[in-house]
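Enquirer: In order, the protein sequences belong to chains A and B.
FYI, the numbering for the first sequence is 23 to 284, going by the numbering used here.
FYI, the numbering for the second sequence is 760 to 1061, going by the numbering used here.
Source of the hints: derived by calculation from the structure; they are not laboratory data.
Remember, it's a predicted structure, so these values are computed and weren't measured experimentally.
Just so you know, not all the hints are guaranteed correct.
Now the in silico label distances, taken between C-beta atoms and shown as ranges [said to hold, decoys possible]:
id : chain 1 : residue 1 : chain 2 : residue 2 : range
1  : A       : Phe200    : B       : Leu847    : 50 to 60 angstroms
2  : A       : Leu191    : B       : Arg973    : 50 to 60 angstroms
3  : B       : Leu1046   : A       : Arg115    : 24 to 34 angstroms
Computed, partial: chain B to chain A, Cβ under 8 angstroms [what the hints assert, rightly or not]:
id : residue
4  : Ala794
5  : Phe796
6  : Leu801
7  : Val803
8  : Pro804
9  : Asn807
10 : Leu882
11 : Ile901
12 : Leu943
13 : Phe998
14 : Ala1013
15 : Ala1029
16 : Ser1030
17 : Met1037
Stretches of chain B that chain A covers, calculated by requiring three or more beta carbons in the stretch to come under 8 angstroms of a beta carbon on chain A [stated by the list, open to error]:
id : stretch
18 : 888 to 894
19 : 1040 to 1053
Every residue, glycine too, gets a C-beta built ideally from N, C-alpha and C.
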Amino acid sequence: MSGRAPWIILPVVVAVYVGLLAPLVVVVGVSFGPSATFAFPPTGFTLRWFAEFFASDAYVRSFFRVSLIVGLLAGTIATLFGTAAAVGLVRFRFAGREAIETFFLAPLLVPEILLAAALYLLYARLAVQASIWTLLCGHLVICTPYVIRSVTAGLVGMDPRLEEAAMSLGATPVQAFFKVTLPLLRSSLLSGAIFAFIISFSDINLALFLSGPQSTNLPVHIFSQIQWQGDPTIAAASTLQILIIGLLILIVQRIFRLRMLV
Amino acid sequence: MASEPAAAFEVGRQVKPGRRVGAPPVWAVLIEPYALFLLFLLIVPLANVALFSIHRYSPTRIALPDLTFDNYRKIADPYYLRLFARTLKLGLITTVVCALLGYPLAYWLARARPRLQAFGLFLLIMPLMVSAVIRIFGWIVILGRKGLVNEVFAALGLEPVRLLYTDTAVVIGLVNVFLPFMALPLMAAIERIPPNLEEAAQNLGANWYQMFRRTILPLSLPGLISGSLLVYSISISAFVTPALMGNSRERMAAQQIYDEVLVSFNWPSASSLALTLMLLTLALMFLALYATRRAARLERGR
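Input sequences plus hints: build the corresponding full structure.
Expert: Spelled out as C-alpha cells, the structure:
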C-alpha cells in the first residue's frame, strides 16, 4: 500500500528512545561496575558503590532524612490541599472560578529556578533559616498542581448522580462525599499523591536554593558530588532514585492515565 | 450543587442543618487553604523580587531601600545582552531540535496500538521524572574525555574529541531533558486527527509526505505551538544542564541569577534579571496555554 508511513520513522523513534534512555542505562551500569573512573560498559559486577552509599553519612542523610521525608510530607500535604481545591473547583459554581483555577495551576508556569530564587529572597528578607521545612514549603508550591490535575480528572469523569443518589437515600453531603465520592476517587488520589512525591523527590531546582547545609536533598548532593568529581557512589545513589521512580511510575500507569498528569 | 448567596440575607434562620448563616460557603472553605498558601509562597515572593529589583545594591548591606531603575538599565550592558542573546539562542536551537525529533516520535506514539503506546509513554515519561541531575550525569559519563563516545573513537583509531563543556553538549542535554514536553502535546494533537483523514488524502493521490504537509502538519499545529513554547520557556531558564555540561565562562541566564543570589549576593541585580526572564517566560507560557485551550475549544466544536 502506498499510504504506509515512511520507513524512516521507526529508526528515528528507536534512535530517540536510545538517546532518552542511554544516560539512565549508563548510570545504572556504572553503579554496578568496579571501575572508579566511570568506565562503561562495566568490566565486572560489584556492589561496592552501594556499600559506600550506605556507609556515607552525607548520602544517607540526604536520601533518608531529607529527600524521603520531604517527599512523603509533600505528597501527603499536597494531596490534602489539592483534593480540597479540586473538589471546590469542580463541584461548585461561583464567580471567578476559572480565574482561581488558572491561579492554582500557575506554579506550573513559573520556571522552577526563578520560583526558587524568589522564595530564597523572601526567606532572606524574613530572616528564615533554611531547613527541611523551607524546602517542604517550596515543594508544596510545585507539587499541589499535579494533585489538582489528577483529582479534577477523576471528579470530571465521575457521574455526579452517584452522589445525588446517596443523598436522596438520606446521606448528608458530607457523608455522600466520604462514603461515595472519595472511594471512587481512590486511583486519581493515589496517582496525584505519587506524582507529588516524585516531583518533590527528584527536584533539584528548588532545593539548590532552599536547602541548608543540614537539609541537602539527594539531587543537590549528587549535583555537588558531580562538581567535585566524586566516585561512582553518585551512580549508586542515582540508581536507587531511578528504581524508586520507575516503580512508582509503573504503579501510576496501572491505575491511572499517565499522560493526564504530565 | 450550587452555593446559595441568597442564604446570607436570611439572618437568624437556620438554612441547612449543620451550616450556620453567615458561615462561608463550602467552596470557599475548600479552596481557601491552597489559595492562602499560594498567596504567601507564590505571589508574595514574586512581589518581593519586584521590590528587590528596584532597590539599590550595596556591597555591605546587599540592598538599600531606594527606588532605582539602574538594575534594569544595566541589562542593556554588553555583558548582559550577550548573556540573554546566548540564552535565547540556545533555547531556540533546543526547541527546533526537539520539534524535529518530537514529530516522528509523536506520530509513531499517536498511531501505535494501545499496548505499544502505553509502553512508549512509560519509556518517555519515566526518564522525565528522574531528576535532571541524574540524566545529565549519565551524559557526562557518555561524553566525557574518557567517556563512551571517545572510547569508541579511540577504538576506531580516531582522535579524542572535546564534547563536554561545549554548547553542543548543552543542547544535547537540554534536548534530552525537555523532549517529552514537545512530544506529549504533539502526540495529543496528532491523536485527535482521525486516521481516515490520512487515508482520504492518500486516496486522492497524495503521497505520504504531501499528506503529512497538508493534513497532519496544519492540524497538529496547536500541539506544535504549545510544545515549542513550553520547551523554549523552560530551556531559557535551565540551570542544571548548562551548569554541569556547559563552558564555565559561556553561561546561560539562570546561572548568572544563581551566582548573583548565592555567590556575589547582588540581590537587586539578580531580581531584575529574574523578573525579566520570568516575564518573558510567563508571556510564552500564557501563549502556550491559549493555544491549547483554543485547540480544545475547536475540538469540542467539531
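Enquirer: Each hint needs a verdict: does it hold in this structure or not?
Expert: Hints, verified against the model:
1. Between A/Phe200 and B/Leu847 the CB atoms are about 51 angstroms apart, so this pair conforms to the stated range of 50 to 60 angstroms.
2. Taking 50 to 60 angstroms as the suggested C-beta distance range, the pair A/Leu191 and B/Arg973 conforms, at roughly 56 angstroms.
3. Under the hint 24 to 34 angstroms, the C-beta atoms of B/Leu1046 and A/Arg115, about 28 angstroms apart, fit the expected range.
4. Given hint, B/Ala794 at the interface with chain A, holds; its Cβ is 7 angstroms from that chain's nearest Cβ, closer than 8 angstroms.
5. Among the interface hints, the one on B/Phe796 holds; its C-beta lies about 7 angstroms from the nearest C-beta in chain A, closer than the 8 angstroms criterion.
6. The interface hint given for B/Leu801 holds, since its Cβ lies 6 angstroms from the closest Cβ of chain A, which is under the 8 angstroms cut-off.
7. Against a cut-off of 8 angstroms between C-beta atoms, the interface hint on B/Val803 holds, since the closest Cβ of chain A lies about 6 angstroms away.
8. Interface hint at B/Pro804: satisfied, since its Cβ lies 4 angstroms from the closest Cβ of chain A, which is below the 8 angstroms cut-off.
9. For B/Asn807, the suggested interface contact is upheld, since its CB lies about 5 angstroms from the closest CB of chain A, less than 8 angstroms.
10. Hint on B/Leu882 holds. Least Cβ distance to chain A is approximately 6 angstroms, under the 8 angstroms limit.
11. For B/Ile901, the interface hint holds, the least distance from its beta-carbon to any beta-carbon of chain A being 6 angstroms, beneath 8 angstroms.
12. A distance limit of 8 angstroms between C-beta atoms decides the matter here; for B/Leu943 the minimum to chain A is near 6 angstroms, and the interface restraint holds.
13. The restraint placing B/Phe998 at the interface with chain A holds, with a minimum CB-CB distance near 5 angstroms, inside the 8 angstroms limit.
14. Annotation: B/Ala1013 was flagged as interfacial toward chain A, and the flag holds, the nearest CB pair being 5 angstroms apart, inside 8 angstroms.
15. Because the smallest distance between the Cβ of B/Ala1029 and any Cβ of chain A comes to about 7 angstroms, under 8 angstroms, the interface hint for this residue holds.
16. For B/Ser1030, the shortest C-beta to C-beta distance to chain A is roughly 7 angstroms, which falls under 8 angstroms, so the interface hint holds.
17. Hint status for B/Met1037: holds, given a least beta-carbon distance of 5 angstroms to chain A, under 8 angstroms.
18. Beta-carbon proximity to chain A at under 8 angstroms applies to 7 residues in the stretch 888 to 894 of chain B; the threshold of 3 is reached and the given coverage holds.
19. With a cut-off of 8 angstroms between beta carbons, the stretch 1040 to 1053 of chain B has 5 residues touching chain A; three or more are needed, and the interface restraint holds.
Violated hints are absent here; each numbered hint is respected by the structure.
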